[in-house]
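Chains as they are written, first to last, in the working numbering: chain A, 936 to 1195; chain B, 77 to 334; chain C, 11 to 350.
Everything labelled a hint here was simulated from the structure, so no lab data went into it.
There's no promise every hint is true.
Claimed, not checked - Here are some of the chain B residues that sit facing chain A, going by a computed Cβ distance under 7 Å: (1) Ala117; (2) Gly120; (3) Gly121; (4) Leu122; (5) Ser123; (6) Arg124; (7) Val125; (8) Phe263; (9) Val267; (10) Val269; (11) Leu273; (12) Gly276; (13) Trp277; (14) Val278.
All figures in this text were calculated on a predicted structure; none of them were measured in a lab.
Where a beta carbon is used, it is the ideal one built from N, C-alpha and C, also for glycine.
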Amino acid sequence: MTRSTLALQVGMLARRSVVRTMRQPATIIPALLFPLLLLSINSSGLDSATELPGFPTASYFEFALAIAFVQGALFSASSAGTNVAADVETGFLNRLSLTPLRRVALLLGQLAGILALGLIQAVTFLTVGLAFGAGIAAGIAGAVVIVALSLVMSLGFGCIGAFLALRTGSGEAVQGVFPLLFAALFLSSMALPRDLIETDWFRTVADWNPVSYMLEGIRSLVIAGWDGEALALGFACAGGLAVLTLTATTAALRTRMART
Amino acid sequence: MRRGGFTTVALAVAWRSVHNYFRNPAIAVPGLLFPLFFFTAFAGGLSRVDSVPGFDYESGYTAFVYGFVLLQASAFGGIFSGFAIARDFESGFSRRLMLAAPRRAAIVAGYWLAALARAAFNVAVITAIALVAGLDIAGGGLDLVGLYTLALLVNAAALLFGSGVAMRLRTMQAGPAMQVPAFLFMFLAPVWVPYELLVGWVHAAAAVNPITLVLEAGRGFIAGDPVKVLPAFAVSIGLAALALLWARGGLRSAERAA
Amino acid sequence: MSTAAIETRGLVREFKKGPRAVDGIDLRVERGEVYGFLGPNGAGKSTTVHVLTTLLPPSAGTARVAGYDVVKQGAQVRAAIGAALQEAALDPFLTGREHMKLQTALHGMHGREGRERGETLLARVGLTEAADRKVRGYSGGMKRRLDLALALVHRPRILFLDEPTTGLDPQSRSALWAEVQRLASDRGVTVFLTTQYLEEADVLADRVGIIDHGQIVAEGTPDALKEEIGRPSVEAVPADPEDLPPTREVLGRFGETVAASPKSAAVRLAGGEAQLAEVVRALDREDIAVEHLQLHAPTLDDVFLAKTGRSLEGAGADREEGEDEPSGAATGGRLAGQEA
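Model the full structure from these sequences, guided by the hints.
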């Protein structure tokens, strides 16, 4: 009996992960619609904020577009977590454990599902943004970088969900964390640039919150063009989160698939 | 066999709901945490917005946001109580209630009392925290009465709307069906800036949204400068009345199915 | 090298909270045998299976499956075994065929080989027509059949079935039994089966091990075990319900009382079948008219009762919630989670 190679295994599991994600419209549609709805409401509602001295752009829509990408990544956490938890709860993970499947293949396979959703989200938000008049100051190359940064964020947040699912084996626990992630989004430079935040404690939190830098990374590509510092910080924060959560998820998977 | 009178039944249902609510943090926490969180995030993060030309609210941005969060807590408190009703239908507990109570309207009244208790608690906590955060209420006693009466009416309207949906759908899928209209009502309104500063489609939506009037009146009460009081009360009483009819229809639907 | 398919010595598995789930089990299952592991909920059946299938390491003792040590040679064990565990471990969003494709690919069967193997197995369990429907829409019986088919993909020599017919309707149950019997007789597959159903163990198993509170309390062929108890029971329903107490008293002279319906009296005959005539004469002497008199051969439940003092049927209720081995699906996964 031949053993399948690692690449083939990853391919199989990735395909399954993507198929499973695509077959859940009840998860995908809110993940696309909600951020767009909120974007629309906020842009109209807070447009006057652009009149504040020091506001970096005349279009609140362009300012707020970055938020959709981060919100999309948060939804990723929820859906990835739920999917992985389902695998634990149904015993499907046990079934996979009994095959010659290598653990890393399983992990990479799960990630494929996360990235697939992340890609659809990023492209959708970008398209809608452009359709409604946002201009990407950094051009087409900038749009590609936006998608890339968005994918790294999806990975980072998605692994939070996967990690929790593997640790707790419960979909409910994953859902419970969702509000906390939203809190992380709110306590950032989500609504106003950091230098326009009056309240001291809030600004301090926003200064330390990695989500602020992820937002600003995308924002800089939309509004300002090529801002090396903003991009570096954005990728560093998103990438750092991804490395951290991926490591944690790997460890959790090792414990969960405790086969000898 | 003795059957409870209207008040007895209502109080019994209310007690059970309140008891469940306080004993179960997973249920209690969202209703309290979300408005609180909004308050912190917006009063803290967006406070600079009151420097925008044309923003002329006397009592400051904290009070401006508090006005919204108060109504939000009232509205969503009512909606979350609607969830509890939907849950009871899904688990079959409501059937037990309906068999035991001779006047089913008393059951709805009980849920409403519980929703009220819940909202009162949440509002108290939020107000306390807001005061610590520097909330400046310029309004006097009568203004406060007006303010909290508006909140009460919004809470009742939301609860009755939610219960109408819950009694018709009778499953937890009713959740989104309640939340989405409530969300739209609350957010297509002058949430972060006064109505005059809204632009685009949200401005148009807010123009026809009854909540806009209620918000403005509420903020007026906080500032001690009552505005649009009569229209706001008319609108909120009207909403509550419509919701009551809706709930009654829902009760009939549930009775037919039971 | 041992010829046994499964062999354990002093196998122990304990968890952080609660008593030992598996408390010193010695087992030997020969090749080609169907071994039934019978016990109430919480007895330790599933935990034993998880250890033997390498999903959980033992706390103490040794276990060898297919000649390989479960701890040191886990991968070889896994290559030789197939398992259908307590819940059909399926992905509700995939179709039957997609499950099969995944499973065959993971076992190194690609292209045509994988496809053919998949179709053969689907046909064998009667799922060809439903193969393109998502598993979410399958009935309980269909899910179990798919589960079994997936377990057989790589032609394992040893098959572990953990409560395979729990929750199934009688028809599905019979169909599964037929398939297990076929596997054992035609293919010589060793089957290790756990169950709480007496009939299942009686019908399917060559040998039965009765487990209670993590230990084996009796082992042998079903017939041998029943013979060991040896004594049938007699059940009498008096024509006049008022006569029930005297009936009980009379019967009570012949042996210990056993469970009966509210309308009847039943005892285990200390002297065996031969005593039946005496029972009839005694009832006659007391002028008790009997509507119904029946002799019952001993069942495995009687064996369990004799060994543990409890009836198998009610025994599962003994264990408290917290002590219970998790009976849900991902036992291995969940139990592993507890370890961390």
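Hints versus structure:
1. For Ala117(B), the suggested interface contact is upheld, since its CB lies about 4 Å from the closest CB of chain A, less than 7 Å.
2. At about 4 Å, the closest approach between the beta carbon of Gly120(B) and any beta carbon in chain A falls short of 7 Å, and the interface hint on this residue holds.
3. The beta carbon of Gly121(B) comes within 5 Å of a beta carbon in chain A, closer than 7 Å, and the hint placing it at the interface holds.
4. Below 7 Å, beta-carbon pairs count as interface contacts, and Leu122(B) has one with chain A at about 5 Å; its hint therefore holds.
5. At its closest, the beta carbon of Ser123(B) sits 5 Å from a beta carbon of chain A; the interface hint therefore holds under the 7 Å criterion.
6. Taking 7 Å as the C-beta cut-off, the interface hint given for Arg124(B) holds, the closest approach to chain A being about 5 Å.
7. For Val125(B), the suggested interface contact is upheld, since its CB lies about 6 Å from the closest CB of chain A, less than 7 Å.
8. A least Cβ separation of about 5 Å between Phe263(B) and chain A falls short of the 7 Å threshold, and the interface hint therefore holds.
9. With its C-beta approaching chain A no nearer than about 6 Å, Val267(B) sits inside the 7 Å limit, and its interface hint holds.
10. Below 7 Å, beta-carbon pairs count as interface contacts, and Val269(B) has one with chain A at about 5 Å; its hint therefore holds.
11. Because the smallest distance between the Cβ of Leu273(B) and any Cβ of chain A comes to about 4 Å, under 7 Å, the interface hint for this residue holds.
12. With a least beta-carbon distance of about 4 Å to chain A, the hint placing Gly276(B) at the interface is held under the 7 Å criterion.
13. A distance limit of 7 Å between C-beta atoms decides the matter here; for Trp277(B) the minimum to chain A is near 6 Å, and the interface restraint holds.
14. A hinted interface residue such as Val278(B) counts as satisfied when its beta carbon comes closer than 7 Å to some beta carbon of chain A; here the least separation is about 3 Å, so the hint holds.
In summary, the structure agrees with every hint in the numbered list given earlier.
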